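J.: Sequences and hints are given; from them, build the entire structure.
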Amino acid sequence: MTCAVVEFPASRTEACAPSVTDWLDSQARVIEIWIDRLVATGGDVGLIAVLDQHAAFLRDALERSAAGETV
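Residue numbering for the sequence shown follows my numbering, beginning at -19 and increasing consecutively.
Please note that a few of the clues may not be correct.
What follows is a list of derived Cβ distance ranges for each label pair [as the list claims (entries may be wrong)]: (1) Asp5 x Ala(-16): 28 to 34 angstroms; (2) Val25 x Asp5: 24 to 30 angstroms; (3) Gln33 x Ser(-1): 21 to 27 angstroms; (4) Arg9 x Thr(-18): 34 to 40 angstroms; (5) Glu(-13) x Gly23: 28 to 34 angstroms; (6) Val25 x Gly48: 35 to 41 angstroms; (7) Leu27 x Gly48: 29 to 35 angstroms; (8) Asp2 x Leu27: 23 to 29 angstroms; (9) Val(-14) x Thr21: 39 to 45 angstroms; (10) Val10 x Thr(-18): 20 to 26 angstroms; (11) Ser6 x Leu27: 16 to 22 angstroms.
Source of the hints: derived by calculation from the structure; they are not laboratory data.
Treat the numbers as computed from the prediction; the structure is a model and nothing was measured.
Ideal Cβ positions, reconstructed from N, Cα and C, are used throughout, including at glycine.
T.: The structure is reproduced here in structure tokens:
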């Protein structure tokens, strides 16, 4: 099975950039809140680790988005 990458004109992606950046920021913050709650209540270490990896991914994507790179 193959996937085709859809390329959009720059003008369309630039118009979405603030929304994407805001969304990535809000998602990263929500994940960090859940990590804090799980740590405070002695939550599952495996779940905390996976959420931490996801938060790192979101922060990286946010930095790339803020720098104008394709996410």
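J.: Are the hints correct? Go through all of them and say.
T.: Hint by hint, here is what the structure shows:
no.	hint	verdict
1	Asp5 x Ala(-16): 28 to 34 angstroms	holds, 29 angstroms
2	Val25 x Asp5: 24 to 30 angstroms	holds, 27 angstroms
3	Gln33 x Ser(-1): 21 to 27 angstroms	holds, 25 angstroms
4	Arg9 x Thr(-18): 34 to 40 angstroms	holds, 36 angstroms
5	Glu(-13) x Gly23: 28 to 34 angstroms	violated, 41 angstroms
6	Val25 x Gly48: 35 to 41 angstroms	holds, 37 angstroms
7	Leu27 x Gly48: 29 to 35 angstroms	holds, 34 angstroms
8	Asp2 x Leu27: 23 to 29 angstroms	holds, 26 angstroms
9	Val(-14) x Thr21: 39 to 45 angstroms	holds, 42 angstroms
10	Val10 x Thr(-18): 20 to 26 angstroms	violated, 34 angstroms
11	Ser6 x Leu27: 16 to 22 angstroms	holds, 21 angstroms
Of the hints listed earlier, those the structure fails to meet are numbers 5, 10, in rising order.
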